[in-house]
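K.L.:
All chains should be modelled from the sequences, with the hints used to inform the complete structure.
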Amino acid sequence: MTHQQRIDTLLKTVSKPGRYIGAEYGQVQKDSAAVKLRFALCFPDTYEIGMSNLGVRILYDVLNRAEDIACERAYAPWLDMDRAMRAHGIPLCTMESGEQLTAFEMVGFSLQYELCYTTALHMLDLAGIPLYAAERDESAPLIIGGGPCAYNAEPVADFFDVFAIGEAEESLPELCRLYIRMKEAGGYTKQGFLREAAKIGGMYVPSLYEVSYREDGRVAGIVPRYGDVPAKVRKRIVADLDSAPFPTHFVLPYIETVHDRVVVEVNRGCIRGCRFCQAGMVCRPNREKKPETLARQARCLYENTGYDEVSLVSLSISDYSKLDELTRLLLTWTDDAHVGLSLPSLRLDSFSQELMERVSSVRQGGLTFAPEAGTQRLRDVINKNITEADLVRAVDIAFRNGKSSVKLYFMQGLPTEGQEDLRGIARLADKVTETYRAIPKEQRSRGLNVTVSVSCFIPKPFTPFQWDGQDPLGTLEEKQQFLRGEITNRQVRYHWHDARASHLEAVFARGDRRLAPALATACREGLFFDAWDECFDFDKWMEVFRRCGIDPTFYANRVMEKDETLPWDMIDCGVSKAFLWRERERAYAARPTPNCAEQCSGCGANCLGGEGRWCRA
Amino acid sequence: MVPSMNGGAQTPVWVRLRMRKAGPLQFISHLDFLRTLQKALVRAGLPLWYSMGYNPIPKISVAAPLSVGVSSECELVDVRLTRPVDPERAVAALRENLPVHMAVTELYVPETKLSALAWIGYEVQVFTDGASDGLAAACQDFLASPVIMVLKKTKSGERESNIRPQIKEAACRYDPAADCLALRLVLSAQQASFLNPEYVLGALKSACGIAEGAAQGHTICRTGVFAEDMQPFR
Numbered sequence: 021m022t023h024q025q026r027i028d029t030l031l032k033t034v035s036k037p038g039r040y041i042g043a044e045y046g047q048v049q050k051d052s053a054a055v056k057l058r059f060a061l062c063f064p065d066t067y068e069i070g071m072s073n074l075g076v077r078i079l080y081d082v083l084n085r086a087e088d089i090a091c092e093r094a095y096a097p098w099l100d101m102d103r104a105m106r107a108h109g110i111p112l113c114t115m116e117s118g119e120q121l122t123a124f125e126m127v128g129f130s131l132q133y134e135l136c137y138t139t140a141l142h143m144l145d146l147a148g149i150p151l152y153a154a155e156r157d158e159s160a161p162l163i164i165g166g167g168p169c170a171y172n173a174e175p176v177a178d179f180f181d182v183f184a185i186g187e188a189e190e191s192l193p194e195l196c197r198l199y200i201r202m203k204e205a206g207g208y209t210k211q212g213f214l215r216e217a218a219k220i221g222g223m224y225v226p227s228l229y230e231v232s233y234r235e236d237g238r239v240a241g242i243v244p245r246y247g248d249v250p251a252k253v254r255k256r257i258v259a260d261l262d263s264a265p266f267p268t269h270f271v272l273p274y275i276e277t278v279h280d281r282v283v284v285e286v287n288r289g290c291i292r293g294c295r296f297c298q299a300g301m302v303c304r305p306n307r308e309k310k311p312e313t314l315a316r317q318a319r320c321l322y323e324n325t326g327y328d329e330v331s332l333v334s335l336s337i338s339d340y341s342k343l344d345e346l347t348r349l350l351l352t353w354t355d356d357a358h359v360g361l362s363l364p365s366l367r368l369d370s371f372s373q374e375l376m377e378r379v380s381s382v383r384q385g386g387l388t389f390a391p392e393a394g395t396q397r398l399r400d401v402i403n404k405n406i407t408e409a410d411l412v413r414a415v416d417i418a419f420r421n422g423k424s425s426v427k428l429y430f431m432q433g434l435p436t437e438g439q440e441d442l443r444g445i446a447r448l449a450d451k452v453t454e455t456y457r458a459i460p461k462e463q464r465s466r467g468l469n470v471t472v473s474v475s476c477f478i479p480k481p482f483t484p485f486q487w488d489g490q491d492p493l494g495t496l497e498e499k500q501q502f503l504r505g506e507i508t509n510r511q512v513r514y515h516w517h518d519a520r521a522s523h524l525e526a527v528f529a530r531g532d533r534r535l536a537p538a539l540a541t542a543c544r545e546g547l548f549f550d551a552w553d554e555c556f557d558f559d560k561w562m563e564v565f566r567r568c569g570i571d572p573t574f575y576a577n578r579v580m581e582k583d584e585t586l587p588w589d590m591i592d593c594g595v596s597k598a599f600l601w602r603e604r605e606r607a608y609a610a611r612p613t614p615n616c617a618e619q620c621s622g623c624g625a626n627c628l629g630g631e632g633r634w635c636r637a
Numbered sequence: 008m009v010p011s012m013n014g015g016a017q018t019p020v021w022v023r024l025r026m027r028k029a030g031p032l033q034f035i036s037h038l039d040f041l042r043t044l045q046k047a048l049v050r051a052g053l054p055l056w057y058s059m060g061y062n063p064i065p066k067i068s069v070a071a072p073l074s075v076g077v078s079s080e081c082e083l084v085d086v087r088l089t090r091p092v093d094p095e096r097a098v099a100a101l102r103e104n105l106p107v108h109m110a111v112t113e114l115y116v117p118e119t120k121l122s123a124l125a126w127i128g129y130e131v132q133v134f135t136d137g138a139s140d141g142l143a144a145a146c147q148d149f150l151a152s153p154v155i156m157v158l159k160k161t162k163s164g165e166r167e168s169n170i171r172p173q174i175k176e177a178a179c180r181y182d183p184a185a186d187c188l189a190l191r192l193v194l195s196a197q198q199a200s201f202l203n204p205e206y207v208l209g210a211l212k213s214a215c216g217i218a219e220g221a222a223q224g225h226t227i228c229r230t231g232v233f234a235e236d237m238q239p240f241r
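Residue numbers (the working numbering), protein chains in the order written: chain A, 21 to 637; chain B, 8 to 241.
It is possible that some hints are incorrect.
Just a few of them, taken from the derived set where beta-carbon distance is under 8 angstroms, the chain A residues facing chain B [unchecked claim]:
#1 A43
#2 G326
#3 E329
#4 S331
Quick list of in silico lysine-lysine cross-link-like pairs, DSS-like style, CA-CA up to 25 angstroms [stated by the list, open to error]:
#5 K310/A - K342/A
#6 K32/A - K159/B
#7 K175/B - K160/B
#8 K212/B - K32/A
#9 K162/B - K32/A
#10 K160/B - K32/A
#11 K582/A - K597/A
Everything labelled a hint here was simulated from the structure, so no lab data went into it.
C-beta atoms are modelled at their ideal positions from N, C-alpha and C, and glycine is treated no differently.
P.N.:
Here is the structure:
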């Protein structure tokens, strides 16, 4: 039996083997001997989730545009495959060449959510790469991190060599160029490279910073170890999004993935400024692409993929200033090509009959709205400027146009939240069912289905609530049970998230470098895929924290002080700390802030450049 | 919204693709195969006919869907088009647009119904520690026995069933180059009596004492499609 036959035999024993075979249409194959740098782009979750990530698609495209760089992909194998690989001594390999990650000069991880940290470590381990950066010698790949979690990557700082802060499509190729240049010049050392890397805008090299702590556990100071290392790393953005490179091809998965369709990125940033939302703050300033550019990119991707759905991606698609023009341009060909349009992230207040006709012209789907909080007072606190009337109007249009399924997203545990706010969630759901019943039977579809999905608030760095503590775990669970009692309407289904997982997420979201031993221990104990219910083991995690002498409530539940040094203070995301504090004070006064299109509130992100159409000079 | 009229007044036609699904693609399911093919057909610009109605879908049917873990040299796929196409140009366009291990080897207008497919030929390699001429002969004898009972799993539970009538031909020899048992099987392809080659292998393994072990494994490939009279099926 050949090696391949052995692997084939193994693949016959695991679930969904199609996610491990590679050989997808659209993947880029390069001769490894003909390139100067090989980059393994890893997603620390399953193939189905990783393949759906637009950021990975963009970076895969950008890196492979360089002739002398080969970028390949790797994902975390699911439990059964992981066990089989370990049992047979098969290391983690890439999808393109099938080579072990140790054969690559750089290994990059897209860190999308805190609960993927252990999975990233697990992948390093499966690839035979030492976890701690300090344990890796010159021959080991450089480990790069990026994505939203890089804004506070301190809990994983000891495992990574470099973090790319912000948008990486320009900075990552610069990092690769530097590497190639230094290798070609001779005398390359890892230390020398990292010192130079820290001079590239947006590149944060954690080992070049000394973090000290006070006796009470808080951060005392963050100091660069050398004079030429910047005290603050400012995030990178692509100033001209419209002309930024965008993939013309996608790698097409064989198996069904979470988002399996053409995606075009309408804008970056969000004009809204919801006070709990990290993406809304760190992606500023808002930059849009032109409708003609988007229509061209969508058409090109359709022709090169054959997908039957085009999705317009944005943090808030309804706020795109040229949405009408864009949908009109797309509809000139999508109907005839049997291609459906999908618009995720629709805001309640922008929902219109016309939009609905256009979007549902080919395909049907459920509707999802995010009021986020149950009362107007609390919605004012979080700056979610929508009203009950907006919700009633939106679902009325939806019900009159054949929809009967509505999903409502809320958060519980928000700062200042009380019982009245939780009750408000139940009352809003009642309003939706009342609106349905008020429509004559012949004008609505049968089978009303209202789902209320409630997640736990997690304070995130670079938001106005970054100083706030999460509700203690017990309180979160009590609130969930309270709301369960309040929802008595039989037509409303109530879903809630595991508060214990949210607690862990809060620990890492505002964590510091002292969490590294806990992550390494958890990885050794076999904890990974923490975001998956079937893998998440809260008790084991608490045991790990105990053994490492870490109090998780210190990170999750503590209210930080205004003048305190925050663990992520070496990062500058454009939005100023003064603005965030101002927003926090307005939150506690239940005062909304106008969105960027109405009035500039001086967040500071215009220092980064970009379109700046809405920013005060 | 008026559904597209499928290119106007022309008469829809069915074309039949003879396809290869090889190598790692043995691990993608029937539905994944169909979705992959559909996207390739769109990319290749073939004039797919879509069903009328609110949620139009193309018409694609496959004879005897393949199990995961089985590769094929002869998948037959019928596709409805809005108008006739030039076979050579269509095959060339598909060649450009299919993944590496998937290929259209022929495209033609079918004269038979897919349901008339009667028999399918398979080539099987069985790797086992004790592979030899003797073991191959024992397997060959077993496959020639008048009754071969296997336990079949169905929706309503398990039941004993004689699969011998569904085996048209079966030959087994020892292949010294690959150090394996090489089987040639022709099994029923008809809907009511379709026989999955895994059942034949299962029966062989228990009857002829083929060892379970580290070097254990097998490969299965569909190599031929036949009509009731064992003429090549087109």
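K.L.:
Is the hint on S331/A kept, meaning its closest Cβ partner in chain B is under 8 angstroms away?
P.N.:
16 angstroms, violated
K.L.:
Minimum Cβ distance from A43/A to chain B below 8 angstroms?
P.N.:
Cβ of A43/A sits 5 angstroms from chain B, so the hint holds.
K.L.:
K160/B and K32/A were given as a pair; does the straight-line alpha-carbon distance stay at or below 25 angstroms?
P.N.:
19 angstroms, holds
K.L.:
Double-check E329/A for me: the hint is only fine if its C-beta lies closer than 8 angstroms to a C-beta in chain B.
P.N.:
With a closest approach of 11 angstroms, the E329/A hint is violated.
K.L.:
Holds or violated: K175/B with K160/B, Cα cutoff 25 angstroms?
P.N.:
22 angstroms, holds
K.L.:
Restraint: G326/A near chain B, CB-CB cut 8 angstroms. Satisfied or not?
P.N.:
3 angstroms, holds
K.L.:
Holds or violated: K582/A with K597/A, Cα cutoff 25 angstroms?
P.N.:
With Cα atoms ~10 angstroms apart, K582/A and K597/A stay inside 25 angstroms; holds.
K.L.:
Quick one, are K310/A and K342/A close enough, alpha carbons at most 25 angstroms?
P.N.:
8 angstroms, holds
K.L.:
Has the given pair, K212/B with K32/A, been kept, meaning a C-alpha gap of at most 25 angstroms?
P.N.:
Status holds; Cα separation ~17 angstroms.
K.L.:
K32/A and K159/B: Cα distance at most 25 angstroms?
P.N.:
This hinted pair holds, its Cα atoms lying about 20 angstroms apart.
K.L.:
CA of K162/B to CA of K32/A, is that 25 angstroms or under?
P.N.:
Distance ~22 angstroms between K162/B and K32/A Cα, so the pair holds.
Hints 3, 4 from the earlier list are contradicted by this structure; the remaining hints agree with it.
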